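Number of protein chains: 2
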Amino acid sequence: MNQITRLAAYFLFLNLGIFVPRSLFSEGIGEIIKSAGNNASVEIIANGIWRVRLGKPEEFTPTHFRSGSIQTQSLEALAPAAASPINLEKIRFAVSARGCVVTLPMNSGEHIYGLGLSTRSFDKTNTRQKLIPSDNPEMEGGVSHAPVPFYVSTDGYGVFVDTARYATFYIGDTSPLIDAPETNVPEAQIANSTDVLYKARTLANRSILVDIPAAQGIDIYILAGPQMLDAVRRYNLFSGGGAVPPLYGLGMVYRGKGDFTAQESLRLARSLRETGIPCDLWGLEPGWQTATYPCSFVWDTNRFPDPSGFVKQMANMGFRLSFWEHCFTHSISPIYDDIKPFSGNFRVWNGLVPDFATTNGRKIFLNQQEKSLFSLGVLGGVKLDECDNQPWSPTPWSFPEASRFPSGLDGEQMHSLLGVLYQQTMLEPFTRRNLRTWGLVRNSHALASPLPYVVYSDSYDHHCYVRGMANQGFSGLLWGPEVRDTGSVEDLARRVQTTIFSPQAIINAWYMKLPPWLQMNMEKSNAGELMPGHEEATALIKKLFELRMSLIPYLYSAFNDYRLTGTPPMRALVMDWPNDPMTYAVDDEFMVGPSMLVAPMFAGQGKRSVYLPAGTWYDFWSNERMQGGRKIEVSKPLERIPIYVKEDSIIPLAYPVQHITKTTVFDLTVKVYGLKPAPFVLFEDDGESNDYLSGKQSRVSLLWSGTSGQIERRGDYTGPARYTVSQWENIQESPSPLRPLGQTTGSTTLYKEPR
Amino acid sequence: MNQITRLAAYFLFLNLGIFVPRSLFSEGIGEIIKSAGNNASVEIIANGIWRVRLGKPEEFTPTHFRSGSIQTQSLEALAPAAASPINLEKIRFAVSARGCVVTLPMNSGEHIYGLGLSTRSFDKTNTRQKLIPSDNPEMEGGVSHAPVPFYVSTDGYGVFVDTARYATFYIGDTSPLIDAPETNVPEAQIANSTDVLYKARTLANRSILVDIPAAQGIDIYILAGPQMLDAVRRYNLFSGGGAVPPLYGLGMVYRGKGDFTAQESLRLARSLRETGIPCDLWGLEPGWQTATYPCSFVWDTNRFPDPSGFVKQMANMGFRLSFWEHCFTHSISPIYDDIKPFSGNFRVWNGLVPDFATTNGRKIFLNQQEKSLFSLGVLGGVKLDECDNQPWSPTPWSFPEASRFPSGLDGEQMHSLLGVLYQQTMLEPFTRRNLRTWGLVRNSHALASPLPYVVYSDSYDHHCYVRGMANQGFSGLLWGPEVRDTGSVEDLARRVQTTIFSPQAIINAWYMKLPPWLQMNMEKSNAGELMPGHEEATALIKKLFELRMSLIPYLYSAFNDYRLTGTPPMRALVMDWPNDPMTYAVDDEFMVGPSMLVAPMFAGQGKRSVYLPAGTWYDFWSNERMQGGRKIEVSKPLERIPIYVKEDSIIPLAYPVQHITKTTVFDLTVKVYGLKPAPFVLFEDDGESNDYLSGKQSRVSLLWSGTSGQIERRGDYTGPARYTVSQWENIQESPSPLRPLGQTTGSTTLYKEPR
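If you read the sequences in order, they're chains A and B. 1 is the number of the first residue of the first sequence in my numbering; add one for each residue after it. 1001 is the number of the first residue of the second sequence in my numbering; add one for each residue after it.
Just so you know, the hints here were simulated from the structure itself, not pulled from any lab data. The reader is advised that the hints may include incorrect statements.
Said to hold, decoys possible - Partial list, computed: chain B residues near chain A (C-beta under 7 Å):
no.: 1; residue: Ala1097
no.: 2; residue: Val1101
no.: 3; residue: Pro1105
no.: 4; residue: Gly1606
Claimed, not checked - Far from chain A by the CB rule (all over 12 Å, computed), these chain B residues:
no.: 5; residue: Ser1096
no.: 6; residue: Val1210
no.: 7; residue: Gln1216
no.: 8; residue: Ser1694
In this text the structure is predicted, and so the values were computed from the model without any measurement. Just so you know, even glycine gets a beta-carbon here, dropped at the ideal spot from N, CA and C.
With these hints in hand, go ahead and build the complete structure from the sequences.
What follows is the structure, encoded as structure tokens:
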């Protein structure tokens, strides 16, 4: 594996590749270490990353199909970690016909997060999580669109288990004979309800058990802190660093009705421009193809008589296109015969399942994508649907786990990896053109941080959507809580408020003719009936979209930071305050970038409770200064979402444009919170190509002297400036005494009204 | 394996043990037969049973832990089957690191049933079933208290897959590349809803895929028909023949409140006798032990100062006792230290999990059971709780699948087999005493037909309970739809009507002081508050219990038939009418014995639809004669459950006694339906010991000449007669023309009123 070569210096310096003596493993009753020669080895892979190899690992694991290389240099920039954060001597390992089992230590006070993009569960402590990809993610227990065998601890470390198997993680909720106490106080009371019978019995000693099917060995990566966020950073840098969107990717996304013709698409797109509704990416849902379940990947010339002309017309209005597809290949597709030998041995909806782990499978599949899509000119992205699975359904539609693929992968491994392999495949044409992209995908997995795709869902519970916002950062994933039909303007506004703080702000009207601000109800939308009050709704939604547009420079910095330091652009509060137990259950607030705390409201909620961690905060809307370390009750009108800014930080807000072009210059109002704010660094580049990766990027630092602002521009980007500052605004030049929460005390301009 | 020796005659005669040529297996894309030497063999195990051995099967399978021996003689009595009912050439097999996969042929018109005691799903055609034991069985998809890797087809054959793994069965809902058609008509219409997108695509060629984890080989048993019921019979005879209850086991069961003291138990038991409410088995729930989660298996002398005296007092009133327990062993239990080396390496509720697959584990466990329970005298049975699993729960309480047991079983195998092994263990003391028993258990599995235990559940949906009645017969299982608290007297009566037609008729008042006919509401019951109308409710319930008591001779014959011919005493309509597609979805009616069709009603249902298969039927209550092959609308008052009797059959009804004793003589009214009824055979024996197995049983045939009845007694039972006939009643001496369904036309005496 190439990282070993690259890290030879480490190995020499640290005298690694050592064999751990057998005594490392205590043999539990019935547990026998019988893997090849009982060997286990520990290697330091990079600063603060240990690989513990146990037995003989499988070939097809996430590291085998890396999307990016280990960011050794960035890892070196993190705090040096001399010793493993968990005691390696306490790791136990056993193999059997079923696969292998690893037991890792866990302290009684630890809380564990991660394991993928669950939208139902948050704190994983004392639970079992089965990592199985699912199209029905709003469930407890580990199934999600993107299960990831990586967890992080409030004790300040992370563990990545390199497997594409449906591994089961028991997080402190098992009771191994050798760990559990010998005495047990009897229950004096006979239970008279099952609730009482089955109540959890707390254990003094805990451990984390990982049950990995089929594999006769496993690589466990242990990632140091010292803090939880550092461990996450290491995971993301180990994965290859975080993905950076093209600038337009941070604009608004509108996906039109599935059966829209070219004319219908153009008409609605034009009307967005006329109404001044911001939109950068226009999504074409299934209707562009002649067949879609399974897919032909061929334009339907009834609906789109001139695809190339259509793409140009959309481009002329400033829209990038994002094409829906799934990979199951219809017998009428031109590639059907060619790709058949490079497909799995089970069909889905009678279509072939291309094996993207084979070079030929990728190549043949991409040939058709080139013909239909990429040859038409510059595209924004793709939406890769249906690549997940149905673990609990009695009527699953995807291929069985027992499938075999020509690459050697079986169906279980393929289900775990299909999303990642499909993303990689569809990324190739963009990379070949030196272009970024910003895609959508319904399944992802481990080490996905560098993949420029956002996970989305058919599920729709708003609370779950917000929980996804908090959960995404634990696992190197991005989450797109899209807006579809809604039950009320309030629900519409509150859902839009969540999506505009997400990696991809999506309105997905795939089954509605009209945008939801013109008609929320599906039937009426398709009857072309405008709802009463649509003018007010349009104005409201436009204002929220403009808030998103004003945040693009701030978000772009957060994503560049994701790439360079591994810091997730959106993340749960516990990641920044791991020593504050009050954050452990906060799954309905999240941090965006370095200093914004966002707490979405939900329809029907007159007010909500917001936990502000210790420190001083400013209400983004009222500028009220308030003390954290407490819960506050908050109420905001429909055009506002509760946002709090950390004291001593700088937030640049751009004059909102309708869409991003190659030459867009962001006109900034720089808001300065507190007296001694840390500088804020903007990233300046062409916004579309991958030249920034080879240094063609500048850093524009916003500095506040205490009385005035200044800009420092450093770097090798030679194109036209992206940013101008037209206004500095010090929210609190001389901090007033902290006020208790009360009536809002007025607000400053969020962004300047369009001139 | 001993059956091979025993069946040597067969092998010689039929020249078996043949090796099947490699061409038997078509290699699908990516499928490689690489199991030891590519060998596969086919052996005829008994008349109409083929064993196909593929690869190298695991050691610990259901056949390894048989509860009974193959009933070769009874199998020979079935129709001879010369050729395998399915084409062996069409079986495909592959092994991989994940385990092994078998593909079996399936015709387009076939319907498949079985795979265990699901209470949610019935017809398994076009579904995926994952066979995982669960404490939450009211779910689709294969989880149940008793998953069984055996299915039967309306085409008249069965397939048993000998595995204790969590196998997944895909019943005609996969699309293997080599089987599926090459062309696929494109969908002209773009779907605008997920329902349309995901609608099932019918396949011309179907197959059944069995995905077996971990195993590198598998034994598949193919069981011939010619009819579905014959295949089920073969399965039950292969399992060892059906269980026969002690006569008292068919009486009513009442389980008292969990924390009842001896005095409280005696007081309530006495009041049942005083009210004349029939009851044979009295259940002691957790309170008899000093600790129960986990269990001590030691009497709590606070609640029961004199266990032996208590047992005697109950026996004096004619009650047998049934003791609740689960096997997880508390540290205060006297056997704790002894059993620890024979326990799994994970605890449950801090208790040890005894390994019943070890001789010592069984022995040490039974030592304590002998001391506490069996030494006290004659017991009726045990209730073995909590031996299932929590496959989907994020907070499971049982041991992990990754557990190891000293016997060599892993946690997955143990979860499948724990119920069976526990049943076998607790059966030993009865067998040693030459006594029958009639137990309860919450988990069972394959080949359980000879085990005298009835599966019960914490779940409580009445429709699911009735579906369990229909499903039990497919898989060699018995189901006890117990009655607990209810929402209304109607609900109470309707639920009681279901339980009195089940293998064990149970009132389980484990969290209620008063019987539900005195107070249905839990809180009020525990406050000792009688409900208004309890006198009427008591009379109603007593009447229903008496119906059960009157049916004991009929049921006893059905169970003896279960043992001798493998015919399930309760079974779905499709099993008797596999060629009538109208029966394929009937999951709320079931056959009891040879000729009674029972269609329970549900609370809130003024009337229900009942499907009567082709033939002539009599309404049990009104004696109305009606033509089948159609659905009828039925309404019955609370003291009656819709029951229909096939023409030309005989039903013996006993004068209801309060409980069964060693000397009980059933005073019969013999009801004769039609002009030429088949004889009905009663089984006469001591009702309690296993002497009937060595021939100490007589057959009492009830014969109808056309004008009068006669009794023929044959056999070697030498005890006092069990049956006297005091009345013959020919329901329809001269059949009137069939009447359309209308008002009931009056009723005859069901059973004689108590004198």
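Evaluation of the provided hints:
1. Ala1097: Where the cut-off is 7 Å and the nearest Cβ of chain A is about 4 Å from B:Ala1097, the hint holds.
2. Val1101: 4 Å, holds
3. Pro1105: Since the shortest Cβ distance to chain A is 16 Å, the answer is violated.
4. Gly1606: At about 32 Å, which exceeds the 7 Å cut-off, the nearest Cβ of chain A leaves the hint on B:Gly1606 violated.
5. Ser1096: Not fine: 6 Å to the nearest Cβ puts B:Ser1096 too close to chain A.
6. Val1210: 9 Å, violated
7. Gln1216: Violated: least Cβ distance 8 Å, not greater than 12 Å.
8. Ser1694: At roughly 41 Å from the nearest Cβ of chain A, B:Ser1694 sits farther out than 12 Å, so the non-interface label holds.
Violated hints for the displayed structure, listed by number in ascending order: 3, 4, 5, 6, 7.
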